[in-house]
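Listed in order, the protein sequences are those of chains A and B.
Take 1 as the starting number for the first sequence in this note's numbering and just add one per residue.
Take 1 as the starting number for the second sequence in this note's numbering and just add one per residue.
In case anyone wonders, no lab produced these hints; they're calculated from the structure.
A quick note: this is a predicted structure, and the numbers were derived from the prediction, not measured.
Note that the Cβ used here is the ideal one computed from N, Cα and C, for glycine as well.
A couple of the hints might just be wrong.
Stated by the list, open to error - Pairs of lysine to any residue, SDA-like flavour, derived with a Cα cap of 25 angstroms:
id, chain 1, residue 1, chain 2, residue 2
1, A, Lys76, B, Leu34
2, B, Lys55, B, Val78
3, A, Lys247, A, His214
4, A, Lys176, B, Asn181
5, A, Lys76, B, Lys55
Unchecked claim - Facing chain A, from chain B, some residues (calculated, C-beta under 10 angstroms):
id, residue
6, Leu165
7, Thr169
8, Gly172
9, Leu202
Unchecked claim - Residues from chain A that keep clear of chain B, each with C-beta distances beyond 12 angstroms, as calculated:
id, residue
10, Ala25
11, Asn43
12, Lys70
13, Arg71
14, Leu120
15, Ala194
16, Glu237
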Amino acid sequence: MTPPSEYLIELRNVGKHFGGVVALADVSLHIKQGEIYGLIGPNGAGKTTLFNVVTGLYQLDSGAFDFAGKRYTHCKPHLLAQAGIARTFQNIRLFANMSALENIMVGRHLRTHTGIWGALTRHAAARAEERATVQRARELLDYVGIDRAHQTLAKHLSYGEQRRLEIARALATEPKLLALDEPAAGMNATETVALKALLQKIRASGITVLLIEHDVKLIMGLCDRVAVLDYGKKIAEGVPEEVRRDKAVIAAYLGGEVA
Amino acid sequence: MDILLQQIINGLVQGSVYALVALGYTMVYGILGLINFAHGEVVMIGAMIALTVLKALLAAAFAPVLAVLLSLLAAMAVCMALGYSIERIAYRPLRNAPRLAPLITAIGVSIVLQNLAMMIWGREYHSFPLPFTSVSHQFGGAIVNDVQIGIVIVALVIMLGLMWLVHRTRMGRAMRAVAENPAASVLMGVDNNRVISFTFMLGSALAAIAGFMVSANYGIVHYYMGFMLGLKAFTAAVLGGIGNLRGAMLGGVLLGLIESLGAGYIGDLTGGFLGSNYQDVFAFFVLIAVLIFRPSGLLGEKLAERA
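Bound-form chain B, shown alone (with noise of 0.2 angstroms):
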């Protein structure tokens, strides 16, 4: 088996699922100058609402492509309304306060999401029905199987919809005023609070997307499987430059990538020292790194700009 391949591969389908995570907060603090760190809970409700959607509708003897496609539309929407709804309840009262105390309010809605989320779904792992099964193939001395292909294919097309919907639509063009200059969009007529949870909502439903991906991909759900996810797009945000989204894209598969063939090779380089389990170490030293040595991100140059 081709170890570098392998690792390849399984980079690209979790920096996939990164990326989309990460355009979550980068379109948020674009507009906003807020890192949301409820946005990794988003990712975990959409899960969870998409395997119980899907467990339901299979339980009723639904077709399994519609049974899928279902529980992923009630996921996104679902996301959509909870995006709509931190905003509005959380943010919005605090956007003429003090930056830190939106953060320290998204920290708390981080767990008061993950508490409900316990108290609906409980602590245990469950197990995602995934209705058919993942053929894998060999693909070069690696192997890939169908849902870790249709990840990526999903996710690519995203992006480029999104791209497509930020640079060419009557939207798109308000959201990049909006981020650009909140005193001169409202001038023109742009309803900024519109455009906020418009925002909100189109990040969220890339998190129930990114969601489902996850639990298909790994077959668990769990609670608690927003928290790291989210720090990790976080750190993909920062890595591409947070406010940028091709940054977020970028940093998002390249973290995919680093964490992949970090865990894939810190036991020959350490000699068997460490192991794959200190996979999540990469990530942040990543982020670390980053920090110190290009704050601004790899494509980011906004962020002097706005401190």
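With the rest of the complex left out, here is chain A (with noise of 0.2 angstroms):
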């Protein structure tokens, strides 16, 4: 056995193809246990791709993909969700018909127990279990922000309030990594700066966060580390000042020599 390391997250010389496209070519990523560390990249640079590998969404198709000091080369979604990664959607993926409330408790689920029997026997556990899982989605729409009436269905909140919720019930699932899909997409500046102290409190809890982001001024205001993919390569990482500079940087994102 090897000592833990200090990565929650490591990928190494990962690859995925659809078919002819080559999505991801032989990316390895580290990622620091608390740190929140940023993806960007152009349009089409495999970001998401990444995301979804991460997931569980994705099986790769070479490299390694490894978790918390295990193996998670092949894992089925829900698994690597026990495991303790949770993740937001660039297209956000509420369960529309249902609660604010019902969407968190969702989230809930892997954490919670109560199996048929004890739902229909309705024992004390069930009960005192189903009161926690409320309970606690109550929190967690409290600690994102969401100062709504929580019988509201997620579809009938505003954009901004959506993207919280979605975190909020990624953070149900008690997560050690927190995978956010563009959560400042759409956002307006006020939404942008909540947003920004939201992921901070997040981070303080001691949950590691990935970000893929387009704003730059949030990513370079909030990222410990950045990685830039360009054509499904990882092309720069580091620090957020060293990346700015970085020439393969420039070149990828303004197709040139501009400075």
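From these two lone chains plus the hints, build me the complex, please.
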């Protein structure tokens, strides 16, 4: 056995292709426990593919993927969720016709246990668990700052609220790693500031954050380290200041040698 | 005798059965977008198992109430295993196939089950040995018997229980989550396959109860009984808005009433030209009308999203 690594998540030489299209080529990432790690790159660079690999939605074609010291190279998504990886989506994927509260309660699914017999017999433990689930869901709504009626259907929330609800739902799974796919997309300046504060609060609570974002200001102001993907390859990695000055990055973004 | 009241009572009884079966169709559709055409055969298998077990228990001199209860439980257990197996063997391998493939498979499963039942139980009509007399009661000029009262009450209790299960329990939330967005539910740690299996088993348990009800009500069991009942229940599910639980309940009861009232009055309306043997026609008129004028059903709105 190797000693526990300082990294929460390690991707080694990960490759993923769809037919002839190479979405990820030989990408290695190491994310430390407790950091906010940003993933940037032009559209189609493979950021979301990487997310899907990390959350088990895609099986990788080559390379290895370790999380919290264990190998999860080929693993079903619900087991990765169990292991402590939670995510949000670029295009919001809430349970639209369920209430805000219920959305979070679904997030509690894997940390609760009442089976069908428990529910039918309504014994004390089952009722207590249900109460605790509701309680925790309420706390999380407060935590992410949704102060609407808890029974509001998810589809009736504002866009920014939906994004925060998705975060709350992910937090309900008690993750070690929270992966956020463009959480600031479509948010106005005020909402983005609130989001930044929320992410800092989440990190302070001990959760590692992996962030895909196009809002460069947010990335630079928030992340401890940043990796840049372009055409499925990692072209730069480091603290935000370094990466911003990296020639390959500038070329990838601006398509030339404009400084 | 009050024909109107009598037909309403008959309609409610028949509609309760339709509703229970329709719930099976609608739950599976809601969660997989699949029309499980084998569901009617599950009802039939439930009736057959109940018949066989009930006969055996009565022959072994079990107390009537105990025999009825045990045969019903046996039918539910067998149907749950059957529903689980159908999903596992016939549908799961086709989860990502084009939608026509599982639909055709469903029809195939239906034919297999029918023929299997024919081989086991034969082609003849079996009489269902209800171990007590179902007393008839006068009720405002109409007649209603114990079995019919029992059917309506049991169906009502089951439907309320189901609503509670789906809306107030952890498993029910998982079911709705998978139906709403399977990609998101799996990332919340929900084991989608388990939830889907559970849904099939739940629907099949309801089918078994419905099979027992029909058999007890008409006193006859036959290997072909699931076909028409299945089609009717499917119609009820479409009428209410397929994928919608309340819709299946409403659709079932409405269809029962429409059929019953139609059959009761068709003779008068056509001057005796058409008789109550045209009863089945009403169900399918309803199906056609719904598909033309309101394809999403009375309470449905999901169809457009899914297509």
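Each hint, compared with the structure:
As the CA atoms of lysine 76 (chain A) and leucine 34 (chain B) are separated by approximately 24 angstroms, the hinted pair is consistent with the 25 angstroms bound. A C-alpha spacing of about 16 angstroms is found between lysine 55 (chain B) and valine 78 (chain B), which places the hinted pair at or below 25 angstroms, so the restraint holds. A threshold of 25 angstroms between alpha carbons decides the hint, and for lysine 247 (chain A) with histidine 214 (chain A) the separation of about 19 angstroms falls inside it, so the pair holds. With a C-alpha separation of about 23 angstroms, the suggested pair lysine 176 (chain A) and asparagine 181 (chain B) falls inside the 25 angstroms cut-off, and the hint holds.
Using a Cα cut-off of 25 angstroms, the hinted pair lysine 76 (chain A) and lysine 55 (chain B) is violated, with the two alpha carbons roughly 47 angstroms apart. This hint holds: leucine 165 (chain B) has a C-beta 7 angstroms from the nearest C-beta of chain A, less than the 10 angstroms allowed. Because the beta carbon of threonine 169 (chain B) sits about 4 angstroms from the nearest beta carbon in chain A, less than 10 angstroms, this interface hint is met. The beta carbon of glycine 172 (chain B) comes within 8 angstroms of a beta carbon in chain A, closer than 10 angstroms, and the hint placing it at the interface holds.
For leucine 202 (chain B), the shortest C-beta to C-beta distance to chain A is roughly 9 angstroms, which falls under 10 angstroms, so the interface hint holds. No beta-carbon of chain B comes within 12 angstroms of the beta-carbon of alanine 25 (chain A); the shortest separation is about 25 angstroms. Listed as outside the interface, asparagine 43 (chain A) is consistent with that label: its C-beta sits roughly 21 angstroms from the nearest C-beta of chain B, beyond the 12 angstroms cut-off. No beta-carbon of chain B comes within 12 angstroms of the beta-carbon of lysine 70 (chain A); the shortest separation is about 17 angstroms.
Once the 12 angstroms rule is applied to beta carbons, arginine 71 (chain A) is consistent with being away from chain B; the minimum gap is 19 angstroms. With a cut of 12 angstroms on Cβ distances, leucine 120 (chain A) falls inside the contact zone with chain B, its closest approach being about 8 angstroms. With a closest Cβ-Cβ approach of about 23 angstroms to chain B, alanine 194 (chain A) is found to remain outside the 12 angstroms limit, as its non-interface label requires. The claim that glutamate 237 (chain A) lies off the interface holds: its Cβ sits roughly 26 angstroms from the closest Cβ of chain B, which is beyond the 12 angstroms cut-off.
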